[in-house]
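Add chain B to chain A, keeping to what the hints say.
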Amino acid sequence: MASEFEASVTEWVADNLPQALVGVNLGMYGPDTSDPAVLDAFEVWRSRLADKGWGAPTWPAEYGGAGLTDAQAKVITKALARAGSSNPIPYLAGMGVTMVGPTMLEYGTEEQKAEHLPGMASGKVRWCLGLSEPNAGSDLASLSTRAHKDDAGWVINGQKTWTSGADKSQWCGALVRTDPDAAKRDGISFLMLRMDQPGVETRPISLIAGESPFCETFFTDARAENDALLGALNDGWSVIKRLLQHERQSQTNTPVTSAYTDPVHVVAKRYLQTTADGKLADADLRARLADHLMDKSAHELTIARIMADARGGNVEVSATASILKNSATDVAQMRSELLLEIMGYQGLGWEGAGYTAEELHAVREWLGGKAMSIYGGSYEVQKNIISKNILGLPETTQKG
Amino acid sequence: MAVLTEEQSLIKAQASAWVIDKAPVASFRALRDDPTQGGFSRSTWQSMVDMGWSGILAPEACGGSDLGYLTFGLILEQLGRQLTASPLLASSLVGVSGIMLAGSPEQQAALLPGLVDGSTLLTLALDEGARHQPEQVALTATAVDGGYVLNGGKTFVAEGMVATHFLIVARTDGATDDAHGRSLFVVAADSPGLQRHALATVDSRDYAQLVLGDVKVDASALLGELHNAGTTLDALLDRARVAVAAEMLGTAAQAFDMTLDYLKTREQFGSVIGSFQALGHRAAALFSAQEQARSCVEAALQAIDDNADNIAELASLAKCHVGKFLHAMSNELIQIHGGIGMTDEFDAGFYLKRARVLEASYGNRAFHRDRYATLLGF
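Top to bottom, those sequences are chains A and B.
When we follow this note's numbering, the leftmost residue of the first sequence carries the number 1, and every step to the right adds one.
When we follow this note's numbering, the leftmost residue of the second sequence carries the number 1, and every step to the right adds one.
Hints are not guaranteed to be accurate.
DSBU-like, lysine-lysine: derived pairs with alpha carbons at most 35 Å apart [what the hints assert, rightly or not]:
id, chain 1, residue 1, chain 2, residue 2
1, A, K388, B, K264
2, A, K168, A, K241
3, A, K370, B, K264
4, A, K241, A, K149
5, B, K12, A, K388
6, A, K74, A, K168
7, B, K22, A, K388
Partner residues aside, some chain B positions facing chain A, computed with beta carbon under 7 Å [as the list claims (entries may be wrong)]:
id, residue
8, V272
9, G274
10, S275
11, F378
It is worth saying that the hints were derived from the structure and are not from the lab.
Cβ coordinates follow ideal geometry from the N, Cα and C atoms, glycine included.
Just chain A, same shape as in the assembly (with noise of 0.2 Å):
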């Protein structure tokens, strides 16, 4: 591995990485603040990085990437963390880096990559995924937005939700029936479409956690151009499931742990009482705190199983993506339960000047983080694709 190239990346960073950035949370949207010049250096740096092509480091040159290797990606993130800043770009693009372009990539024609690619890796364009419906959740193939062609192009009705980002994507990939008579999976197509037309509205969702990213989504007669189909006509089935398994894997490629608290054992030992010898005098959350952590780093050792296992080619890493997405979300989730027990009272806050900002944070965490059995394909879902697509049970009798 090029130590050499670890070296020109540091000194690029150096070089590039406006002072102003230095430790500041570049956030979903960019920096939370309205200083300009945080504000205008965060326009440099985004430029900076898209100019070098590492916004989407991965992608081809001629896309706006730079043609690197996933090691030469790692190592840009760890050069950026260690000089206190991070990529936005994911962020900016919405679901465009981490989830549309690496499908494009496979499925894009010639003239979609060409006009979509490089928006999405400059972070200049914002992309929104419209697939669940109201009645159309873990079970995704049900979805009844329809589109038809008409002599202008394509013209989709229907509603969307949980489309997170909408209010603020330029760009959505949708998942549209386009022949009613099929067998539901296979009358499916993904639709590309713009956000800002006539045709389509948004409305925020207010969460149990407070305010959120997602949306409900509405299309109109919205309009999309004859050229709007990623893949083949009523093959969007094949096109999500290739997608999916890229969300999956940024979902569950890095290891669990939060911004804002320390290890849960060393909240515990702030807030609850120790015997002499500096032990939790709690011995059953003690016992339950041990478990949490080993089963957190049995959860780290299995990615980085299967992350080595993958670099000496032996395995799929998407074939283990589920097993490490529900893996992840039962650790993530017994932290933020056992974070509020350790805070007993203190951790039932929901905001003012009772509470320190450690406390509420863990709340809202423990709210948002039920999401995470939820989203993505549900804990339940992911059990479905381990027992049929990785141990090769038959299918289940019943209907779905």
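Just chain B, lined up with the frame of chain A:
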């Protein structure tokens, strides 16, 4: 992280093929059904020696290959799959590790060649009560002219009825539960005053109780420093724990494979039962647990080979995590097989019985959970 070398992959494949062919669970059943066999097959043991397995941890100068713990663990996993009875873990891993960790060059030169050629069977005798408490040592060794005299008892000594030598943890100083004041002695099984009694354990394997009455040993029987065996013993026990975890992983993996096979073939209500979602989800959860258990075991084995500074933490993690999986898996093996799983004619019961013995060996889940928390400082 443990990515196998070509040599390791080869040894794993060789072990897997050999175990299925020469030492399958049917051989264990035959041993169980014939108590005159003494718990293991001499010819099976000789084959293991011939393949070099008894020398994996010993240096080349003593006839070994010095291939390390990860390689050894791969073999133990295969043996665990078929419940192969042998002194390989107790003697070639724990016994050899004890000599390597604590023995002087003279002691190593005297003992290792016999351990490698399989003629010496050396097993650790530590526990005295109903659970693993390494500091709780009441058996005394008292200095006398030219050596020591040992008095006391040991229990749950693995391969204790076939061992030619015991690695005995004795109290030479301090109170019965002091960490300080323990010493290690190598004692020949035929020493005058040493009696051993077979324990008829539920897994039909070789465990023994020892009674030592005025057993006299030479000064050269002391392994390592007098009174200060603690650090060495911790290191030795961690190697034993990870080794048992590797065997347990194999036992659990075989139980999983048997269960998955049954889910794919057994029909009820007009369908293969694996098509029922309630069972498919349980299989998925067990498979995920198996993947995580494997990660813990391989990381711990690799850490020993790397002489990493977190061996203790990873050893407790591995023993505890694999213990949790094997416990659940051995219960599900019976439950999912239903009535056939309850019959002695089918092998499931062997796996359940062996599972509990392995879970208790060198510290159960509660022991290692407590130790893990202590190591992390809470």
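- Where does the structure disagree with the numbered hints, that is, which hint numbers, in rising order? As far as the earlier hints go, not one is violated by this structure.
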